[in-house]
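S.K.: Sequence:
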Amino acid sequence: SDLHNRLAFILAGRSAEKLVFGEYSAGAENDLMQATRLARKMVSNWGMSERIGPLACQTSNEHPFLGRDVYEQRDFSEHTAQVVDEEVGRILSAAAERADVLLEENRQKLDTLSEELIAREMLDDSEVESVIGPSTPRRSTLQTDAT
Numbered sequence: 001s002d003l004h005n006r007l008a009f010i011l012a013g014r015s016a017e018k019l020v021f022g023e024y025s026a027g028a029e030n031d032l033m034q035a036t037r038l039a040r041k042m043v044s045n046w047g048m049s050e051r052i053g054p055l056a057c058q059t060s061n062e063h064p065f066l067g068r069d070v071y072e073q074r075d076f077s078e079h080t081a082q083v084v085d086e087e088v089g090r091i092l093s094a095a096a097e098r099a100d101v102l103l104e105e106n107r108q109k110l111d112t113l114s115e116e117l118i119a120r121e122m123l124d125d126s127e128v129e130s131v132i133g134p135s136t137p138r139r140s141t142l143q144t145d146a147t
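Residue 111 in my numbering sits at position 111 of the sequence shown; the count goes up by one each step and never skips.
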């Protein structure tokens, strides 16, 4: 799906660090937060987990009468919260693995693009395309199923 592709994209910088330098740095902190937030919404808000199904599992930190953060309020069990965490972890691991595989398969393009960025400092879309070739957009599952 488009959201799974987006997660792989978000985590690709972290994957590239590991591929090129052999380790992760603290530079991926914001990417990890963004990816985790998206994966949690996929599971908790949008019902995109087979294990959870069409159950909304959102939490609220706002007290209904005081109007400020006091405690975490949730309308689901501790077991469900654990399953949500497991599903978020599973989705993120799959996205990271996908980013790893795509970068490994395209290592030459990654290296060439890195060299160009070092030389020029900045590249626009057409310059990136001239270095690594045009992207080939994939049809989403919904489009494929509808035809």
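Honestly, the hints are just simulated from the structure, not real lab data.
For glycine and all other residues, C-beta sits at the position ideal for the given N, C-alpha and C.
Fair warning: there could be bad hints in the mix.
To be verified - Here are the computed distance ranges between Cβ atoms for each label pair:
id : residue 1 : residue 2 : range
1  : N106      : E23       : 19 to 25 Å
2  : D85       : D124      : 37 to 43 Å
3  : Y24       : S130      : 28 to 34 Å
4  : E115      : E50       : 40 to 46 Å
S.K.: A separate judgement is required for each hint: does it hold in the structure or not?
M.R.: These are the hints, each one checked on the structure:
Checked against the hint of 19 to 25 Å, the C-beta distance between N106 and E23 comes to roughly 21 Å, which is consistent with it. Range check, D85 to D124: about 40 Å between beta-carbon atoms, so the 37 to 43 Å window is met. Judged by the Cβ atoms, the range 28 to 34 Å given for Y24 and S130 holds: they are separated by roughly 30 Å. Take E115 and E50: their Cβ atoms lie about 43 Å apart, and the range 40 to 46 Å holds.
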